[in-house]
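These protein sequences, in sequence, are chains A and B. Just so we're aligned, residue 0 is where the first sequence starts under numbering that gives the first Met the number 0, counting upward by one. Just so we're aligned, residue 0 is where the second sequence starts under numbering that gives the first Met the number 0, counting upward by one.
In short, the hints are calculated from the structure, not lab data. There may be inaccurate statements among the hints.
Same chains, same names: a pair is fine if it fits in one copy or spans any two.
The calculated lysine-lysine pairs, modelled on PhoX-like cross-linking and capped at a C-alpha distance of 20 Å, are [stated by the list, open to error]:
1. Lys137 <-> Lys74
2. Lys15 <-> Lys161
3. Lys161 <-> Lys190
4. Lys161 <-> Lys97
5. Lys116 <-> Lys166
6. Lys22 <-> Lys190
7. Lys22 <-> Lys88
8. Lys88 <-> Lys50
9. Lys22 <-> Lys95
10. Lys22 <-> Lys137
11. Lys44 <-> Lys15
12. Lys97 <-> Lys166
13. Lys166 <-> Lys137
14. Lys190 <-> Lys88
15. Lys74 <-> Lys97
16. Lys74 <-> Lys50
2 protein chains.
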Amino acid sequence: MQYPEPIAQLIDGYMKLPGIGQKSATRLAFFTIDMAEDDVTAFSKALIAAKRDLHFCSICGNITEGDPCSICADKTRDQTHVLVVEQPKDIMVMEKMKEYHGLYHVLHGVMSPIEGKGPEDLNIASLINRLQQNPNIKEVIIATNATPEGEATAMYLSRLIKPAGIKVTRLAHGLSVGSDIEYADEMTLFKAVEGRTEM
Amino acid sequence: MQYPEPIAQLIDGYMKLPGIGQKSATRLAFFTIDMAEDDVTAFSKALIAAKRDLHFCSICGNITEGDPCSICADKTRDQTHVLVVEQPKDIMVMEKMKEYHGLYHVLHGVMSPIEGKGPEDLNIASLINRLQQNPNIKEVIIATNATPEGEATAMYLSRLIKPAGIKVTRLAHGLSVGSDIEYADEMTLFKAVEGRTEM
Chain A
0 MQYPEPIAQL IDGYMKLPGI GQKSATRLAF FTIDMAEDDV TAFSKALIAA KRDLHFCSIC
60 GNITEGDPCS ICADKTRDQT HVLVVEQPKD IMVMEKMKEY HGLYHVLHGV MSPIEGKGPE
120 DLNIASLINR LQQNPNIKEV IIATNATPEG EATAMYLSRL IKPAGIKVTR LAHGLSVGSD
180 IEYADEMTLF KAVEGRTEM
Chain B
0 MQYPEPIAQL IDGYMKLPGI GQKSATRLAF FTIDMAEDDV TAFSKALIAA KRDLHFCSIC
60 GNITEGDPCS ICADKTRDQT HVLVVEQPKD IMVMEKMKEY HGLYHVLHGV MSPIEGKGPE
120 DLNIASLINR LQQNPNIKEV IIATNATPEG EATAMYLSRL IKPAGIKVTR LAHGLSVGSD
180 IEYADEMTLF KAVEGRTEM
């Protein structure tokens with residue numbers, strides 16, 4: 000016996016999401032059938048709306064409804080700093096911190112030889128272009144993830160930007176605040192020692 | 000900074016699903032934005048369709064597009080056995096086994112004093128009614144889960160149905176096929192010894 004067509008379709012839909020296999024998708028599909036109709040309708044509309052109404056900011060690559068995005072359009076922000084991140088969601092994380100008031104640039108990925116992703120597949124050309132056209136940008140802070148790909152991308156960007164006389168910095172590596180040295184991995188510990196600061 | 004409204008709405012939508020919190024929902028929402036438009040549209044429509052086109056079978060309580068469901072409507076199936084399950088998805092599991100050819104009845108839950116769920120909240124009245132109107136039903140196989148609530152519900156049903164002279168059976172408990180005795184819990188092992196069969 001097959002699942003009724005509407006369930007089978009819904010299971011297929013859920014299975015398109017990352018980390019959701021046949022079993023989870025089936026569970027979610029049956030849960031959906033028990034959900035309030037309003038919630039399902041709202042969810043369904045939100046899916047379409049997110050796809051239809053959101054675009055990438057033509058300046059920084061952030062996800063936005065308008066263009067440019069609210070950060071690029073905000074002239075009260077520090078126009079001398081550009082923080083480079085891998086994904087739009089990283090901007091949200093930085094903004095939650097409330098301590099950075101400069102601009103952003105989203106690469107939409109990192110260089111990854113394994114996935115065949117080179118610099119030309121990333122939002123790098125527009126960053127270089129942006130730096131050339133805005134001489135008031137004094138520092139580029141690279142905030143790619145602390146993965147091998149993130150490090151390689153940071154290194155590549157640094158070599159590309161430094162010759163133009165712009166300061167390039169990288170987020171510090173070290174122990175998480177509140178964490179035990181005992182549980183830190185060797186690489187993090189090494190970075191923490193290497194980057195030790197005077198008290 | 001807040002997420003753009005369409006993303007916030009989509010995150011809300013995902014958070015309505017079981018086991019998906021703020022972080023997972025955010026990840027899924029951003030993933031959705033990168034999905035192919037066709038896939039998102041299909042998913043969105045499937046949500047609405049599943050809610051709109053599916054109903055419970057008026058006879059057995061299974062989820063179905065038509066009424067009665069394809070199993071109740073299939074007169075070639077063994078009309079003398081009714082297998083009682085907690086949820087519609089349990090029917091799919093049984094059907095995959097391909098060894099049971101009788102009918103089903105879905106309780107839509109189990110008795111649970113903690114959740115304040117009594118017999119009157121389950122699809123039990125219609126089961127009794129069905130047994131009374133179909134004298135050709137000779138055996139009711141109770142296949143609720145092997146949880147305390149499932150056991151209690153099985154016991155309750157057994158006491159309710161037996162006096163009518165209908166045979167009531169329960170799925171066997173025991174070791175999983177291919178499993179090691181070493182890893183079986185005491186309760187399962189006890190049930191396996193208790194239910195031992197002659198060779």
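Comparing the hints with the structure gives:
When the C-alpha separation of Lys137 and Lys74 is checked against a cutoff of 20 Å, the pair qualifies only within one copy, where the shortest distance is 16 Å, while the shortest distance between copies is 79 Å. For the identical chains of this complex, Lys15 and Lys161 are neighbours neither inside a copy (41 Å) nor across copies (47 Å), given an alpha-carbon limit of 20 Å. When the C-alpha separation of Lys161 and Lys190 is checked against a cutoff of 20 Å, the pair qualifies neither within a copy, at 23 Å, nor between copies, at 72 Å. Taking identical chains as interchangeable, the C-alpha atoms of Lys161 and Lys97 are never at most 20 Å apart, the minima being 27 Å within one chain and 68 Å between chains.
Taking the shortest alpha-carbon separations for Lys116 and Lys166, neither the intra-copy value of 26 Å nor the inter-copy value of 66 Å comes in at or below 20 Å. When the C-alpha separation of Lys22 and Lys190 is checked against a cutoff of 20 Å, the pair qualifies neither within a copy, at 41 Å, nor between copies, at 28 Å. In this homomeric assembly, Lys22 and Lys88 come within 20 Å of each other (Cα to Cα) only across copies, at 11 Å, whereas the closest approach inside a single copy is 28 Å. Taking the shortest Cα distances, Lys88 and Lys50 sit within 20 Å of each other inside one copy (16 Å), while across copies they are farther apart (31 Å).
For a Cα distance limit of 20 Å, the shortest separation of Lys22 from Lys95 across copies, 14 Å, qualifies, whereas the shortest one inside one copy, 35 Å, does not. In the homo-oligomer, the alpha carbons of Lys22 and Lys137 never lie at most 20 Å apart, since the shortest distance is 52 Å inside one protomer and 34 Å across protomers. Taking CA atoms no more than 20 Å apart as the test, Lys44 paired with Lys15 passes in both settings, with 18 Å inside one copy and 14 Å between copies. In this homomeric assembly, Lys97 and Lys166 never come within 20 Å of each other (Cα to Cα): the closest approach is 23 Å inside a single copy and 69 Å across copies.
For a Cα distance limit of 20 Å, the shortest separation of Lys166 from Lys137 inside one copy, 6 Å, qualifies, whereas the shortest one across copies, 84 Å, does not. In this homomeric assembly, Lys190 and Lys88 never come within 20 Å of each other (Cα to Cα): the closest approach is 25 Å inside a single copy and 51 Å across copies. Taking the shortest Cα distances, Lys74 and Lys97 sit within 20 Å of each other inside one copy (17 Å), while across copies they are farther apart (67 Å). With identical chains, the CA atoms of Lys74 and Lys50 are never at most 20 Å apart, being 28 Å at best within one copy and 47 Å at best between copies.
When each numbered hint is compared with the structure, violations occur for hints 2, 3, 4, 5, 6, 10, 12, 14, 16.
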